[in-house]
Amino acid sequence: MLRFSVLIGSLCFSLLLSFNVMAQEVIIVNKHNPITNMSTKELKKIYNGNLKLWDTGHTIIPVTLKDSDPGTARFIKTFFGVDIEVWLGLWIQKILAGYAAPPIQEKDCASVISFVSSEAGAIGFVKKENLTSAVKVVTVDGKTEF
Amino acid sequence: MKRILIFIFLLISISITSSTVSALQLENLKLNGFFDLQYQWAYSNNSHGDTQGSFEQHHFNILLEMPVNNRISVKGHIEFEHSPKICGDCTPPAGSGDVNIEWAYFEYLVNNNSRLRGGAMLTPFGLYNEIHDATPTYVFTRIPWGIYRPDLVGGTAMFPKFSTGLALLGEYFPESDFDLNYTFYIANGENDTKNEAELDENNNKAVGGRIMMSPIYGLSVGGSFYNGEKGVSKASHSTWAGSLEYLRPPFHIQAEYASSNLSKVNEISWYGEVSYLLKKATPYIRYAKLDPDNKKPNDEWSALIYGFAYKFQPNVILKIENRMNTGSSNNIVIPDNFNEAAASIAIAF
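So the protein sequences, as listed, match chains A and B.
Going by the numbering used here, the residue at position 133 of the first sequence is 602; the numbering climbs one at a time, nothing skipped.
Going by the numbering used here, the residue at position 270 of the second sequence is 1232; the numbering climbs one at a time, nothing skipped.
Hint data in this document are derived by calculation from the structure and do not stem from the laboratory.
C-beta: ideal position from N, C-alpha, C; glycine also.
Hints should not be assumed to be uniformly reliable.
Unchecked claim - DSSO-like, lysine-lysine: derived pairs with alpha carbons at most 27 Å apart:
id: 1; chain 1: A; residue 1: K563; chain 2: B; residue 2: K1242
id: 2; chain 1: A; residue 1: K563; chain 2: B; residue 2: K992
id: 3; chain 1: B; residue 1: K1242; chain 2: A; residue 2: K546
id: 4; chain 1: A; residue 1: K514; chain 2: B; residue 2: K992
id: 5; chain 1: A; residue 1: K513; chain 2: B; residue 2: K1123
id: 6; chain 1: A; residue 1: K563; chain 2: B; residue 2: K1123
id: 7; chain 1: A; residue 1: K563; chain 2: B; residue 2: K1241
id: 8; chain 1: A; residue 1: K576; chain 2: B; residue 2: K1123
id: 9; chain 1: A; residue 1: K576; chain 2: B; residue 2: K992
id: 10; chain 1: A; residue 1: K513; chain 2: B; residue 2: K992
id: 11; chain 1: A; residue 1: K535; chain 2: B; residue 2: K992
id: 12; chain 1: A; residue 1: K535; chain 2: B; residue 2: K1242
id: 13; chain 1: A; residue 1: K510; chain 2: B; residue 2: K1241
Unchecked claim - Which chain A residues stay away from chain B? Per the calculated CB distances, all over 12 Å, these:
id: 14; residue: K500
id: 15; residue: P531
id: 16; residue: T533
id: 17; residue: T547
id: 18; residue: K597
id: 19; residue: E598
id: 20; residue: A603
Can you make the complete structure from the sequences, with help from the hints?
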């Protein structure tokens, strides 16, 4: 019985741990952007290059971490449901057909925060532990982290 | 019609000048492009295709985009096809490559659902014409020639590859899974001899468009149309196509059917293709068919193409394929059967 309880306890702890590992990024925008929540579909349209203007009239400037960053792969898998290689392939098609310019890439979370805080229309994602007060967190379908 | 066009130009001018204009900064210039090298060898026992086997440096293309302000951008695409030789003090070899402006246009972002485009562009038709030469965007070494280059397999062009004029394009995406994107344009249309980006050979303006709908994630269905008069003789030309694309990894399926009527000659083409997306490797197969004149017997062309693409990374693709061409006795380009092997490396940057 004791062994069974230890097993269940370990399982719950592992699940909790894996949840924390998964749910560690947040979506950020410029502090002056009035938006507080967006839908998954809106976020996808922004990162697909289809949604180009905020309600304020500012141009939307999506930012990502480098393709090789695990956070980018997780972001793509979470919101687009595909591997990053597939997503990049679709972007190559959009770029070479002249339909959209790809998201700006920054080397780390600090650079993403710096860029988003300086550009009125920027939107990005960073690890929650790197979050500063220079930017604002927006929820996606009411959720803060992913 | 002319008054309407002048009115549209006036509206564009007012829209552009009323936007905030800021100084251009070179750091905002976006530069992309692609390159490919191919090898082709017609190995069957007749005179069709490249029986010697040749390396072909096909494309070296540069794409530019310069935002002028937060609503307006100018885009250009310069193609160097077959490494053109332009000599100052020598005679270039025959067929010495091409330098093309694939597109040169401005775009004005009206709102999230619409953009106005003006200039020279690749005609928005079907799934492939706007990526006609961009080989890194597809796994096959060639686009389906029956619809997009019928002139190379015994037919006539179903629509102009390039169009110069004005286009309204955009997307409509409500909160449900449904998506729609559209393009409508008015352009000079097809000429017989002169550059249509400079002069229209007749007073008719061609019109066309494409609507693609995505009722569920991964599936797109839609259609394209083109209607105009060609050249000095004002030959009536009308084409429509239905398109289907299903992209839900690991499957990618595309199929199109097109019907063209030029001077009462009805040309029909279709193809279906399937690729299976693995992490790096993608086997693929396509069957394509063209009937250049549906009233003329024995003039069809068809091809079964199968191969294998390997993506070293998303923008670097190696392709190896076999093409089994079936000709017909009345086809003016391919009167009998022949097979080709091809390999290429395509790189986007």
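### Check on A:E598 being off the interface with chain B, judged by Cβ distance over 12 Å
holds, 29 Å
### Agreement of B:K1242 and A:K546 with the hint, judged by alpha carbon distance not exceeding 27 Å
Holds, because 17 Å separates the two Cα atoms, which is no more than 27 Å.
### Query
Holds or violated: are the alpha carbons of A:K563 and B:K992 at most 27 Å from each other?
holds, 14 Å
### Message
Over 12 Å from every CB of chain B: does A:K500 meet that, or does the non-interface label fail?
### Response
Fine: 19 Å to the nearest Cβ keeps A:K500 off the interface.
### Message
A:K563 and B:K1241 were given as a pair; does the straight-line alpha-carbon distance stay at or below 27 Å?
### Response
The hint holds at about 21 Å.
### Task
Take the C-alpha atoms of A:K514 and B:K992, compute the straight-line distance between them, and say whether it is at most 27 Å.
This hinted pair holds, its Cα atoms lying about 21 Å apart.
### Message
Between the alpha carbons of A:K563 and B:K1123, is the straight-line distance 27 Å or under?
### Response
Holds, at roughly 18 Å.
### A:K563 paired with B:K1242 [C-alpha distance capped at 27 Å]
Cα-Cα ~20 Å, so holds.
### Query
Against chain B, does A:T547 keep a CB gap of more than 12 Å to every residue?
holds, 15 Å
#### Entry: Nearest-CB test (12 Å) between chain B and A:P531
Correct as stated: the minimum Cβ-Cβ distance to chain B is 14 Å, above 12 Å.
### Message
Please check whether the beta-carbon of A:K597 is more than 12 Å away from every beta-carbon in chain B.
### Response
Consistent with the label, A:K597 stays out of reach of chain B, its closest Cβ about 27 Å off (over 12 Å).
### Message
Check the hint pairing A:K510 with B:K1241 against an upper bound of 27 Å on the C-alpha distance.
### Response
Distance of about 26 Å is within 27 Å: holds.
Hint violations for this structure: numbers 5 and 8, all remaining hints satisfied.
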